[in-house]
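Work out the full structure: start from the sequences and follow the hints.
There are 4 protein chains.
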Amino acid sequence: MDCRSDEELYQLVQESRVHTIEGMVPDYIPALAKADLSSLSVAMAFPDGSCYSAGDIETKSTLQSISKVLALALALLDNGEEYVFQRVGMEPTGDPFNSIIKLETIAPHKPLNPMINAGALAVSSMIKGDSVEERLGRLIQLTELIIGEEGIGYNEEVAQSELETADLNRSMAYYLKQHCVIEEEVDAVIELYTKQCAIEMNCVDLAKVGLLLAMDGKHPATGEMILPPRVASICKTFMVTCGMYNASGEFAIRVGVPAKSGVSGGIMASVPQRCGIGIFGPALDDRGNSVAGWDLMEKMSKKYDLSMF
Amino acid sequence: MDCRSDEELYQLVQESRVHTIEGMVPDYIPALAKADLSSLSVAMAFPDGSCYSAGDIETKSTLQSISKVLALALALLDNGEEYVFQRVGMEPTGDPFNSIIKLETIAPHKPLNPMINAGALAVSSMIKGDSVEERLGRLIQLTELIIGEEGIGYNEEVAQSELETADLNRSMAYYLKQHCVIEEEVDAVIELYTKQCAIEMNCVDLAKVGLLLAMDGKHPATGEMILPPRVASICKTFMVTCGMYNASGEFAIRVGVPAKSGVSGGIMASVPQRCGIGIFGPALDDRGNSVAGWDLMEKMSKKYDLSMF
Amino acid sequence: MDCRSDEELYQLVQESRVHTIEGMVPDYIPALAKADLSSLSVAMAFPDGSCYSAGDIETKSTLQSISKVLALALALLDNGEEYVFQRVGMEPTGDPFNSIIKLETIAPHKPLNPMINAGALAVSSMIKGDSVEERLGRLIQLTELIIGEEGIGYNEEVAQSELETADLNRSMAYYLKQHCVIEEEVDAVIELYTKQCAIEMNCVDLAKVGLLLAMDGKHPATGEMILPPRVASICKTFMVTCGMYNASGEFAIRVGVPAKSGVSGGIMASVPQRCGIGIFGPALDDRGNSVAGWDLMEKMSKKYDLSMF
Amino acid sequence: MDCRSDEELYQLVQESRVHTIEGMVPDYIPALAKADLSSLSVAMAFPDGSCYSAGDIETKSTLQSISKVLALALALLDNGEEYVFQRVGMEPTGDPFNSIIKLETIAPHKPLNPMINAGALAVSSMIKGDSVEERLGRLIQLTELIIGEEGIGYNEEVAQSELETADLNRSMAYYLKQHCVIEEEVDAVIELYTKQCAIEMNCVDLAKVGLLLAMDGKHPATGEMILPPRVASICKTFMVTCGMYNASGEFAIRVGVPAKSGVSGGIMASVPQRCGIGIFGPALDDRGNSVAGWDLMEKMSKKYDLSMF
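Residue numbers (our numbering), protein chains in the order written: chain U, 24 to 332; chain Z, 24 to 332; chain L, 24 to 332; chain V, 24 to 332.
Wrong hints could be hidden among the right ones.
Heads up, the list lumps identical chains together, so a pair's fine if it works in one copy or across two of them.
DSS-like, lysine-lysine: derived pairs with alpha carbons at most 30 Å apart [claimed, not checked]:
1. LYS151 <-> LYS241
2. LYS83 <-> LYS57
3. LYS326 <-> LYS57
4. LYS151 <-> LYS83
5. LYS57 <-> LYS325
6. LYS322 <-> LYS83
None of these hints come from the bench; they were simulated from the model. Keep in mind the model is a prediction, meaning the values are calculated, not measured.
Structural data, given as C-alpha cells:
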C-alpha cells in the first residue's frame, strides 16, 4: 500500500526512539527475544485513504495481545453480545494480564474482561468452526476484510515458540474449563489462541485495523460495513478501559485514545472518526507495553490533539 | 434556575422508574435509609443555557461519591498533577470501592485510583487549607463557581450519621497514614471526606457540574475558565474508567459516557461538548449504582446517541 | 486381620453417627457420590498388636487426600528433605485445599505445603520411577510394607471418575510447570496423583498406617524400620499443621492429634507412641472433613486423653 | 532467681551467635532499634526448680508478640472458650502477621487466629476491667502469678515509641470495629495492646512462663493451678500452629516444640512435661523471628531431643 513517509512523524519517532533503551523484550517467548530493540515504526491511516508513516514500515511483527480485539469482534459476530458476556466480564482490573487470582475470588468464576489472557482464551474458544485451522482461517479472513487486502498469515516459528511456553495459559484454560467457561478441549483453544497471537502484519496494516474501528466498522474506501457499529464500539470501549494491560488507566489519562498493545511491541489505536494508528517498537516497559510506542502516542496525542476526554 | 419539564424525558423516567423496586438503600448510612425509594429525577443542561428535566427537581440529595470528582479537581488545582499521582494511582480495579486488599498487595502502597474510597481519602487530604472548615469551604466555593450559583451547603444530619459509621474509612485512612500517603491526622481527613460526601444539591445543579466538565472546564454562560481543560479531562477520564464503582467497565460498554455515581443514588454524566446530566434515584443495585438511574442512562444514551465509542 | 469389635468404641460411634445427617458427599467426584452417607467405622491399632474396632470394618474406601502423607514419605525417601522443600513449602494456609491464589501471590512460586493439592501434585511428581505404573507401584509397595500385608490396590472406577473431573488439578499442575516446580508432563503427574488418591483400604489398615507413624516409622510387630524416624516426624508435623484442610487449626485445638483427612470421609490419626486410628465416614462438612469422623475424634480424644498439647 | 550458668548451653549459644550478623532489628519501632544485635541469652527452667542459662540473663527485653499468649490466656479466663472463638478463629495462615487481606476475603470477617496482629487486637479487647490501666494491671498480675515473682512492669519508652507508629494496628482495629469484632474505642484497645507488648522480663522469667504452660498450667513449685489445663493446652496448640509468624510451619518441622516469638527477638518455648525455654536475641530474620534464637532452638531440639513429633 501507499503510505507516505512523513517528516513530522519522523521527528516524533526520533524523539521517542531514545526511550527504547529503557525497555526489554519478554524473555518468556524466545522467538520474540530476537527483535531489534531499537526499532520503532508508526503509520497513521485516515478515512480519505491518505497514510503517513515513519520508520521501517516494511517489517512485519506479530500481533500478540492486539489479536484479542479481532478475536473479540469475531466472537461477537459469531455468538452475539449476550452469549459472549455471559462468559466474559466487562470490568477492568488492577491485576496483571496473566493473573489467575480473580478467577478464584470473583463469583461467578468468569474472566473479568476479554483483554486479559483468561478472558481472551474464553473469547477464542467462542470462535466458530469445525477445526482450529478453520477457526483461525476465519479470523484471518476477517482481518483481511478489515485491512482490505489479502495475504495475512501467522508466524509459525513464533507460534511454535509460544506453544512450548504456554503453561500459564494452559493453567488458566483448565481453570476456566473446570468452571464451564471453556467447553472445548484445552489443547484446541491453546493452539488457536497461540496462532492467533502470531498473526503478523506491518504497522500500516495495523493502522488500517485501527481506522476501521475508528470509522464504526465501515470500510473508509468502499463504504462496506465490515463490522456492525455496535461491535466496533464494544472493541473501542475495551481498548480504553483495558487495552494497555494494567497501565490502561494511566494511558487513558495521558493519551486518551482507544488503544491495544501486545508484547511484540505493537500498539493499535483508534481515534474516533479521525484515524487509525499502528506502531511497532519491541522494547517493552515493565507492564508489557512498548516503551517508545507509549511515548510516541503521548507525543502524537498532544501534537494532534487526539484525546477523547 | 430555569429548567423546563420535558415530555420525552418524562416518558423515559416513567419507563426507568419501574426498576426502582429492584433496588435498595444502603443500610450502613442510617440517614440515607429514609430516602424515597421510588423517586427518580433527571436534568440535562446544554451549553446554550437550555435545560430539560423530569421528575421532582426540587429535592436535594447528597453527592456521596460524586464529590470525589470535585475533590480531585480541587486537589489537582492545589497540588498539580505530578504531586497528586505520586500518591494516588490511575488504574481501575475489579475490587469493590471499599476494598482494602490492593493497598497491601500492590507496591508501592498507594490507592489504585481516586474514585475508590482509599484514593478519595488520599485526594481529600491534599485539599489545602488551615482547617477542615476552610478546606471544605474551598471545595464548596469551587462547586458554586462551577454551578454558577451560591447557596451550596452540606447536610449535617447525613454527615453526622456517616461520621458515626466510618470505621472502614478510618481503617483505610490509618493504612494510608502508615504508608505516608496521608500525612495529616486521620480524624481531620475523615471529617473533611465525610462532610464533602454530604454536600447536597438537586439534579439540575448536578447536570451543570457535568456540563462544565463536558465543556472542558469553561463556563458555558460566561466563558470563564473555571477549571483548566487538563483538569476537566482528567476528571472525565476517571469517570469513564472508574466512575461507576466496579461496574464502570459495563457502564462504558452499555452507556459509553463519562459518569460518576454515589450511594445517594446520584449519577453525574458529562457528554463531551454536548451536555451535562444529573440524576437522582435512591434505589441502588448491588454494586452501589442507582438502579433506575443506570437504566435511564442506557435509554438516554440510545435515544440521543450519547456514547463516545 | 484380627481387630476386635469393641463395645466402648461402638457407643462412641453410635453417638457420633447422628452427625452424618449434617454432611454431604462431594458432588465433583461422581464415584464418591454413591457412598453410604450414614456409615461410620473406626479402628484403633496399638503397638502390642491389639486392635479395637466398631462399625463395618470390611468396607474399603479410597484414601483421597490421606494418600498425600504416604506420597510425601516416599518423595522424602526418594529425594531427601532438602530437595523436596526447595519445591514445596512448610507453611499452613488459611486458604482452601484447592486454592490457586497463593501460587501467584507468594514468591518464589512454590506451593505452601504438601497437604494442599498444589503441594501434593508437586510431591507426587517427585516420586521416582520410569513410568506412572512403576511409580504408583512403588507407592503401593511402601503402603503394603507399612501395613504389613499385601493386596493393596486402587479403585479404577474412582480413579477414572476423578481423572475426568481433574481440570482444577490440571490448572494447578500447569501453573507449577510454568514455574518449574513440576518438570514432567502434566498428564503423567495428574494420572499418578489421581490413581494414588484412589488407593483403597479399610479402616483397620488405615489405623495401621497411623500406628507406624506413631511409632516413628518402626513396625511394631517386626521392629523393622520401614520409615526413618525423621520422615515419620515430618509427616506427623504436617498432619498437625495442615492435615485437616483449612480446619487444621481448629482440629489441633479441639482434638490435638496428628491427623489427615480425605474427601472419601477418611481420617487417619497418629497418637505418638500410643496408637494409630483409622476412620471412614463419607458424609463431609463444608471444609471437606468427615463430619461424624471429626466428632468421633473429639470424643475419643477426650475419653482417652489423646491430645499432645 | 537462681539460674545456673551452663557450659553446654554456652557452647550452643556461641555457635548460634554467629548467625546474629544475618539479622536486623525492625526499623518501624525506633525504641527496639537500639538493641545490641549481637547479644543472645537463653534459660531452661525445669519442673524440679532447676534452671540453666547462658549469656546475659540480667538484661530485660520486651515481650512484643509473646504477650499474645498471655493475653489469650487471660481472655479465655475472662470470657470462656466459646465467646473468644466466636470472635477470633483458630486457623493458621500463610500471610504475614500484619496482613489485613484475610479480614476482607474470609467471611465472617473475624481474624484467622489470635497470634496474628488482628487476632491479638481482638483478644486484648476481651480482657476485662474498667480502664486500660486496670486491664493491663490484671495481665501483669497474671504474669507475676505464672512466674511466681512480683516486679513485672512494662517499658514506657518502648510503649510510647510503638504507640506513635501503630497506624497499621489502628487500621486493623477500625476494620474489626466495623465488623463488630472489637466493640470498645479503638484508642483504648491500641493503648492496651501496645503496653502489653512492652511488658518486659529477662530470659529466665520467660522460661518460667514456658514451663508453666509445659506443666499444663500448674505451678511446678507450689502445685497451684494458675491456669486451667485446657487454657494451657489451647495456648500451646496455637504456639505450634501459629507461634512463629509465617514460619510457624517450618519451625514445627525443624524444631517441633510449641513456641512463640516476638520482634524484640524473644522466643518462649514449652516442652510438654519437660521444661520451659526463654531466649532473647534481637537480630531478626525476614519473617520477624530471632535469627540466632531460631538456630539455637534447632540445636537444642536436636541435642536434647525436644520435638513432640
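Quick rundown of the hints versus the structure:
no.: 1; hint: LYS151 <-> LYS241; in the structure: within (23 Å within a copy, 50 Å between copies)
no.: 2; hint: LYS83 <-> LYS57; in the structure: within (13 Å within a copy, 58 Å between copies)
no.: 3; hint: LYS326 <-> LYS57; in the structure: neither (33 Å within a copy, 51 Å between copies)
no.: 4; hint: LYS151 <-> LYS83; in the structure: within (27 Å within a copy, 47 Å between copies)
no.: 5; hint: LYS57 <-> LYS325; in the structure: neither (32 Å within a copy, 48 Å between copies)
no.: 6; hint: LYS322 <-> LYS83; in the structure: within (24 Å within a copy, 44 Å between copies)
Comparing the model with each numbered hint stated earlier shows that hints 3 and 5 do not hold.
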